[in-house]
Amino acid sequence: MKTIGENIAYFRKQKKMTQEELAEQLNVTAQAVSKWECDSSYPDIETMQTLAKILGISVDTLLNGTPELPQTQEGTPETIDRRILLIDVKDDETTVKLRLPVSMFRQMSQNEHFKKMFGGDDNQIKIITDMIDAGLTGPIVDVDTDDEKIMIRVENYEN
Amino acid sequence: MRIETTYQNQTQKIELPNDRYLIGFFYQRGKQQNHILNILDGWFKDGAVETREFPLSDDVKLCVKLSSSPSYAELCKDFKHYAGMNMIEFSEKDVAAKVVL
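Line by line, the protein sequences are chains P and Z.
Under numbering that gives the first Met the number 0, the residue at position 126 of the first sequence is numbered 125, and the numbers go up by one with no gaps.
Under numbering that gives the first Met the number 0, the residue at position 24 of the second sequence is numbered 23, and the numbers go up by one with no gaps.
No wet-lab data here; the hints were simulated from the structure.
Only a predicted model underlies this, so the values are computations on that prediction, with no experimental measurement involved.
Among these hints, one or two may not hold up.
Below 20 Å or equal to it, Euclidean Cα-Cα: the simulated DMTMM-like pairs (lysine to aspartate or glutamate) are [stated by the list, open to error]: (1) Lys148(P) / Glu67(P); (2) Lys60(Z) / Asp146(P); (3) Lys60(Z) / Glu91(Z); (4) Lys79(Z) / Glu154(P); (5) Lys148(P) / Glu14(Z); (6) Lys96(P) / Glu3(Z); (7) Lys92(Z) / Asp80(P); (8) Lys64(Z) / Glu111(P); (9) Lys64(Z) / Glu3(Z); (10) Lys30(Z) / Glu88(Z); (11) Lys44(Z) / Glu111(P); (12) Lys92(Z) / Asp87(P); (13) Lys125(P) / Glu157(P); (14) Lys97(Z) / Asp121(P); (15) Lys92(Z) / Asp90(P); (16) Lys76(Z) / Glu157(P); (17) Lys96(P) / Glu88(Z); (18) Lys79(Z) / Asp90(P); (19) Lys97(Z) / Asp87(P); (20) Lys115(P) / Asp143(P); (21) Lys79(Z) / Glu36(P); (22) Lys92(Z) / Glu49(Z); (23) Lys148(P) / Asp91(P); (24) Lys114(P) / Glu77(P); (25) Lys92(Z) / Asp146(P); (26) Lys76(Z) / Glu77(P); (27) Lys115(P) / Glu49(Z); (28) Lys76(Z) / Glu67(P); (29) Lys97(Z) / Glu77(P); (30) Lys89(P) / Asp57(Z); (31) Lys60(Z) / Glu49(Z).
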């Protein structure tokens with residue numbers, strides 16, 4: 000999750016405003032805006048409301064940012080196979096993080112042990128494979144239940 | 000491929016033999032197996048499977064299941080691109096493990 004400062008900087012740039020221009024509208028100094036964006040200090044609640052209004056977003060979005068969405072990155076079958084699948088499974092006691100090359104995920108998706116991670120459901124594995132083949136990167140699965148949290152991302156691997 | 004295992008903040012690095020490939024591991028406390036991570040077990044059936052034990056304390060040990068599967072070896076040839084990547088990170092209570100390609 001992004002910090003409040005990163006969110007302020009992101010949405011200010013989206014509005015094509017400089018720190019000075021934003022500061023002027025808020026009646027604060029440019030140094031104050033700079034400090035907020037570096038997370039060295041934070042605007043007070045009243046300023047936060049005005050800031051959100053100027054940036055055209057809700058205070059909630061300012062605090063929490065926008066959820067990251069998957070993106071489409073074109074690639075050849077070879078480059079897509081070299082991407083990695085990040086599978087994070089977390090419950091109250093245990094955290095497991097798997098980093099699997101897509102090529103390996105394709106082979107393992109036939110493995111019964113592996114299928115159990117997806118509730119033994121072939122369709123779920125097919126949907127994930129289809130998303131990978133469509134060139135999606137970023138968060139493609141985010142399941143949060145009472146018992147566990149499962150997140151799956153596709154990323155390019157740079158070593 | 001190597002395993003880095005941490006028990007009560009003490010870390011051990013275990014280098015796996017080049018002709019043996021990790022298919023699973025688990026921690027054993029006394030007679031109880033606390034957690035099993037056997038994601039690859041049952042997949043690479045074309046090689047012998049063995050379990051090696053690494054004591055972490057008097058009653059806790061890390062058990063590593065290895066395969067000598069030629070098909071796994073073939074797959075690993077493609078993994079040079081990912082050298083150094085953490086393939087698995089696992090943590091539970093006072094134990095943690097990391098599998099590094």
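For this session: Give me the numbers of the hints this structure contradicts, sorted from smallest to largest.
Result: Of the numbered hints given earlier, those the structure breaks are 2, 5, 7, 10, 13, 14, 18, 21, 22, 24, 27, 28, 29, 30, listed in rising order.
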